[in-house]
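Asks: Chains as they are written, first to last, in this note's numbering: chain A, 1 to 546; chain B, 1 to 157.
Hints listed in this document are in silico derivations from the structure and should not be mistaken for laboratory results. Everything numeric in this text was worked out from a predicted model, so none of it was measured. Wrong hints could be hidden among the right ones.
[Claimed, not checked] Computed list of lysine-lysine pairs in DSS-like fashion (alpha-carbon distance at most 25 Å, straight line):
| hint | chain 1 | residue 1 | chain 2 | residue 2 |
| --- | --- | --- | --- | --- |
| 1 | A | Lys242 | B | Lys123 |
| 2 | A | Lys242 | A | Lys319 |
| 3 | A | Lys488 | A | Lys406 |
| 4 | B | Lys130 | A | Lys319 |
| 5 | B | Lys8 | A | Lys247 |
| 6 | A | Lys396 | A | Lys485 |
| 7 | A | Lys396 | A | Lys247 |
| 8 | A | Lys242 | A | Lys511 |
| 9 | A | Lys396 | A | Lys511 |
[Claimed, not checked] Have a look at the derived ranges for each label pair, beta carbon to beta carbon:
| hint | chain 1 | residue 1 | chain 2 | residue 2 | range |
| --- | --- | --- | --- | --- | --- |
| 10 | B | Pro51 | A | Val467 | 54 to 60 Å |
| 11 | B | Leu63 | A | Val205 | 36 to 42 Å |
| 12 | B | Leu13 | A | Val474 | 30 to 36 Å |
| 13 | B | Ile3 | A | Arg484 | 23 to 29 Å |
| 14 | B | Ile12 | A | Lys544 | 25 to 31 Å |
| 15 | A | Val205 | B | Gln41 | 35 to 41 Å |
Just so it is clear, CB atoms sit at the ideal spot from N, CA and C, and this is done for glycine as well.
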Amino acid sequence: MMKFARENRLTSWHIGIALTALFIGGAFGPLQKMEHVGINLYPALNNIGIQSYYQGLSLHGVLNALVWTTFFITGFFVFTVSRSWNRELRYPRLNTAALIVMTLGLVSAAVPLLGNKASVLYTFYPPLQADTFFYLGLTLVVVGSWIVGYGLYFTYGAWRKDNPGARTPFIALASLITMVMWQIATLGVAAEILFLIIPWSLGWVEGIDPQLSRTFFWFFGHPLVYFWLLPAYVSWYGMLPKQAGGKLFSEPLARLVFWLFLALSVPVGLHHQFTDPGVPAGWKVLHAVLTFSLFIPSLITAFTVVASLETGARARGGKGLIGWIGKLPWGDPSYAAQNLAMILFVFGGIGGLINASYNVNLAVHNTMWVPGHFHLTLGSAVTLSFFGILYWLLPKLSGRQLWSRKVGLWQAWAWFVGMLLMSNGLHIVGLIFSVPRRSMLGVAPYLQPEWAPFLTEAFIGAMFLAVSGILVYVNVIGTVFFARKLEKPIEMPVAEPLDPTPAPAWLDSWKPWLVGTVALILVAYGPVLFALIRDIASTSPGFKLW
Amino acid sequence: MHINRYEKFWIILSSLLLVIFAAAVATSSIAYGVQVPVPEQRVDPRLVATPGNLFGEPGLRELAPGRYEAYILSQAWSFSPREIRIPQGSTVTFYMTSRDVQHGFKLQGTNINMMVLPGQVSKLTATFDKPGTYLFMCHEYCGVGHQSMYGQLIVEG
Chain A
1 MMKFARENRL TSWHIGIALT ALFIGGAFGP LQKMEHVGIN LYPALNNIGI
51 QSYYQGLSLH GVLNALVWTT FFITGFFVFT VSRSWNRELR YPRLNTAALI
101 VMTLGLVSAA VPLLGNKASV LYTFYPPLQA DTFFYLGLTL VVVGSWIVGY
151 GLYFTYGAWR KDNPGARTPF IALASLITMV MWQIATLGVA AEILFLIIPW
201 SLGWVEGIDP QLSRTFFWFF GHPLVYFWLL PAYVSWYGML PKQAGGKLFS
251 EPLARLVFWL FLALSVPVGL HHQFTDPGVP AGWKVLHAVL TFSLFIPSLI
301 TAFTVVASLE TGARARGGKG LIGWIGKLPW GDPSYAAQNL AMILFVFGGI
351 GGLINASYNV NLAVHNTMWV PGHFHLTLGS AVTLSFFGIL YWLLPKLSGR
401 QLWSRKVGLW QAWAWFVGML LMSNGLHIVG LIFSVPRRSM LGVAPYLQPE
451 WAPFLTEAFI GAMFLAVSGI LVYVNVIGTV FFARKLEKPI EMPVAEPLDP
501 TPAPAWLDSW KPWLVGTVAL ILVAYGPVLF ALIRDIASTS PGFKLW
Chain B
1 MHINRYEKFW IILSSLLLVI FAAAVATSSI AYGVQVPVPE QRVDPRLVAT
51 PGNLFGEPGL RELAPGRYEA YILSQAWSFS PREIRIPQGS TVTFYMTSRD
101 VQHGFKLQGT NINMMVLPGQ VSKLTATFDK PGTYLFMCHE YCGVGHQSMY
151 GQLIVEG
């Protein structure tokens, strides 16, 4: 059998499922923005079993934020880790089992979602109570993703045994750190579902404690966003400079950035709960400060990635203080999509700093500002980067050329423009008019005429996104089924370090970082969770209000 | 580990900037008396709205001239009361809870923003110097009628 045949097949399945989920989940996005300007297509969807705006919104959130991301990322990492070591998986059957568990979980969660038995949105806050299979399904997806991680760790062990003392290649290390961060983060949601939600949804206990559930959820909920983002960073640092013809500007710092994300991603979750009644102010302040420190690795990223791309542009003949930007490979859809994703992420990052601020958060918490924000981060920095990755990975996996580079470029730019318009409109209505998120605004009695221009702007943005989304699938199907065979094989782009000196050993050493991570989590979360668990009041019965 | 001169400068500058931002957030939070809800009281959501309990008779109570407390009960899909009238210059302390699922409360154009959870009482205080009608809207998904859950605070000049 050809080397990596099994890895390629696994990655293809992961990505195929991810793209299918995104197709269904994504389709609801434009419908939501149409509803907000008075074009309500939901009655027509009754025929296919979609019974409400909120059922659609639940599908949009779960399939996009949880399924598309998790399946894509785990599949991508199977690819990046094995290629980075040029080594096949140690136990490919373990990774196959992982995919099967994840898929069973997806089916188990999808059936109640599609049957309107789990219209609880992707945050599934109790005491709204979905069908038990929804929760079991999500648990299996998470457990499956853990098993993907175990498969990678075993492979790491085997590589390490053959390469004692060698530095772990950057792409493999960064992917593994992200997986480990995910395994720590998901302990929160696992505790929520296994100890609180499932016993309650099965009727074994009478009630649930909503404040404790939320706190477990956000233990997971914030690092979740870094689990989405870091695979894009793997590409921006480790691959994109190569695609631009350059080198990785400061490889040791890139490693440091990933370690900092490991340590700091979890102990910041309370910044989602500044307005929660059951959490003392002191802990909110501590998490706010830690969240600010989490911006340092992202600011380092801004410098290192741009400097790396600049090395490429100058090698391609770029000149001048900013003139080199024109020499970046803008004609390559894989490159263009990811560079545009970075530009949108600048705005997303600034908005994130505002959300994390203890005081100004009050002006925007749970308003339309928030979906405006995370469509720049998850919806753009992450998703548009993943599309960019697909533009080389799909040809690699299918052995066929990208069906159309031009369609790829149009797709990336349409996404860029669409997200700018949509998120601008959403940010403004949230900030200025306190318009709540997650609301079927078109029929809301409090809808005000002053909101119309901004909701219209968001609607126009969503139409760009709809077109862009269709172009993604046209290119995917075109590539897999209709494109010409590759003339020469493609390999994973790997950016070499500009400075070949190996990174210091402390940047390739798990123990201090893991100890630091656990210690930080214990300090930042230990007392809060201890007090909430000590005072647990399981007084809320379940409600099905949809 | 060698770090490029400009990059070192950038990292120091970014860190300083974040320290300044954090200091600005802290100073303004203290100077403007920014409040967030903190643990106030635990209640039993099954009983809290029954007669004789804390939210048995939700509504506005005058404590002293210009000083009020408003007990607002959240339930799918309404606030009770839906309308509150106070004279200009009044100080109101809002007490909120839910008797069913999670809800949210934001008073349009102000920093009064809180999650309303069953089992917990959320409390915030504000003074209203500008007359006008302030909408409050539920900002956490609470079922298919979520979009119809709102009310208004009228500050009479």
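Asks: Next, verify each hint and record whether it holds.
Replies: Against the structure, the hints come out as follows:
no.	hint	result
1	A/Lys242 - B/Lys123	violated, 55 Å
2	A/Lys242 - A/Lys319	holds, 19 Å
3	A/Lys488 - A/Lys406	holds, 21 Å
4	B/Lys130 - A/Lys319	violated, 57 Å
5	B/Lys8 - A/Lys247	holds, 19 Å
6	A/Lys396 - A/Lys485	holds, 11 Å
7	A/Lys396 - A/Lys247	holds, 22 Å
8	A/Lys242 - A/Lys511	violated, 31 Å
9	A/Lys396 - A/Lys511	violated, 36 Å
10	B/Pro51 - A/Val467: 54 to 60 Å	holds, 58 Å
11	B/Leu63 - A/Val205: 36 to 42 Å	holds, 40 Å
12	B/Leu13 - A/Val474: 30 to 36 Å	violated, 44 Å
13	B/Ile3 - A/Arg484: 23 to 29 Å	violated, 46 Å
14	B/Ile12 - A/Lys544: 25 to 31 Å	violated, 54 Å
15	A/Val205 - B/Gln41: 35 to 41 Å	violated, 23 Å
When held up to the earlier numbered hints, the structure conflicts with 1, 4, 8, 9, 12, 13, 14 and 15 and fits the remainder.
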